[in-house]
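There are 2 protein chains.
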Amino acid sequence: LARTTAAAVIIGNEVLTAKVKDANGAFLAERLYQRGIDLKWMAVVPDEVDAIVAALSHARTIASHVFTSGGIGPTHDDVTVRAVALALGRSVVRLPEVEALIKEHYGARATPEAMRLADAPEGAELLTQEGIWYHTLRCANVSLLPGVPLLFKLQLENVLTRLSGAPVALRCIYLSLGEPEIARVLDAVAHQRPQVAIGSYPQFDSSVGYKVKVTVEHLEPGTADAVVAELVEALPKGSVLRVE
Amino acid sequence: LARTTAAAVIIGNEVLTAKVKDANGAFLAERLYQRGIDLKWMAVVPDEVDAIVAALSHARTIASHVFTSGGIGPTHDDVTVRAVALALGRSVVRLPEVEALIKEHYGARATPEAMRLADAPEGAELLTQEGIWYHTLRCANVSLLPGVPLLFKLQLENVLTRLSGAPVALRCIYLSLGEPEIARVLDAVAHQRPQVAIGSYPQFDSSVGYKVKVTVEHLEPGTADAVVAELVEALPKGSVLRVE
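Sequences listed follow chains A and B, in order.
For the first sequence, the numbering used here begins at 1 and goes up steadily by one.
For the second sequence, the numbering used here begins at 1 and goes up steadily by one.
Simulated from the structure, these hints should not be mistaken for lab results.
Keep in mind that a hint or two might mislead.
No distinction is drawn between identical chains; accordingly, a pair holds when it is met within one copy or between any pair of copies.
[Stated by the list, open to error] The calculated lysine-lysine pairs, modelled on BS3-like cross-linking and capped at a C-alpha distance of 25 Å, are:
1) Lys213 with Lys19
2) Lys103 with Lys237
3) Lys21 with Lys40
4) Lys213 with Lys21
5) Lys21 with Lys153
Working from the sequences, and respecting the hints, build out all of it.
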């Protein structure tokens, strides 16, 4: 069963220079997980065409769908459309139907620079969304989302309704022992169950009440439950605090 | 003037599947900016050797120092040491001096699996730090930091004291006009001043009290101030709310 895969390119000098904490990457990860789409890779790159093209090229080799965040405004530092076009081997074209929308939306403020918002890689689709005057731009398997978190969230949903996913079942085992004491058991089960994702997350804050959280994930809830049962059986007696 | 550059590889299925919101990337960006080190790129990759090697190889071509976060514990999903060794063309060796430390620290809990914490890429340096029993591992230009945020922060400082930086001067101009109305002026000044980083960040929340924040950065405060003066002069009359 091949799941839909995704990768993301977060474009923004402001994130790399800590002027803004990126919220879009974490939000995207959460929504993709909920929708059952497998996020393989995320990168934060500067507002530079070469850096964006390199990231897009890598992203497209490892995932079936790529999201970009940021760099689609009308100023000199907005170069995402150009970079996506380059990465896809297409030219940038100005779309008359979008020019008309911009004139309608901005009225007297529809400067020549505002018209840059009508630029798109050749062959791009305009995904419309009820209640929003501006479309979401998708070109081949790349969706160009805005960097402003409120708009990112809105337009992400616009894309997600068009992708199919398969959510995994997640189980968590909370343990009173540290990783050195449980590693042997995890090794053995993980080795026997290569199709099941088993994660181990230590906790060094004693107020939390457990030392390690082990996660077990699989598309089939029954398989996840079976692996949890195997782990609980094999782990040292009394070390399992609870299973969720 | 060549500034020290950096790149980061955040290793963690838990971030890509939204079980944990990564805090280390944003913290690293903030500390590097404060220290005057130019962060060029960050990626979040799964706990897979191939994905980590690919990210490290790219990071090393674009930055003089690379930080990894996560994957250095003793369980099956901790593969960072192996990946760093592969990316650098070195073997993994077990360090007897670290084995001794582990035995001392863990006592009866020093299982064979705990001894994996003594593995390192051949030729790695052990950066010691007062008050912490475990060293920070650095190999060539790669520093291997733990994923747990508290430990990441501590060990990051251990590395930062060994790197030199040159902080930039940052100025911010807050404007009452939107990007379409100021893009022409930004274009012209950015074009004339290619060495100065000029950013434009729109704000769509009307309660914030401005429409665009323009940032100006340069190593020389005098140059940053001169560019701010040029922008203020050229921007539409009355559009500048304040400069910080």
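Structure-based check of all given hints:
Proximity of lysine 213 and lysine 19 under a CA criterion of 25 Å is satisfied inter-copy only: 11 Å between copies versus 33 Å inside one chain copy. Proximity of lysine 103 and lysine 237 under a CA criterion of 25 Å is satisfied inter-copy only: 24 Å between copies versus 70 Å inside one chain copy. Taking the closest pair of Cα atoms, lysine 21 and lysine 40 come within 25 Å of each other both inside a single copy (21 Å) and across two copies (16 Å). Only between protomers do lysine 213 and lysine 21 lie at most 25 Å apart by alpha-carbon distance; the minimum there is 16 Å, versus 27 Å within a single protomer.
Taking the shortest alpha-carbon separations for lysine 21 and lysine 153, both the intra-copy value of 16 Å and the inter-copy value of 17 Å come in at or below 25 Å.
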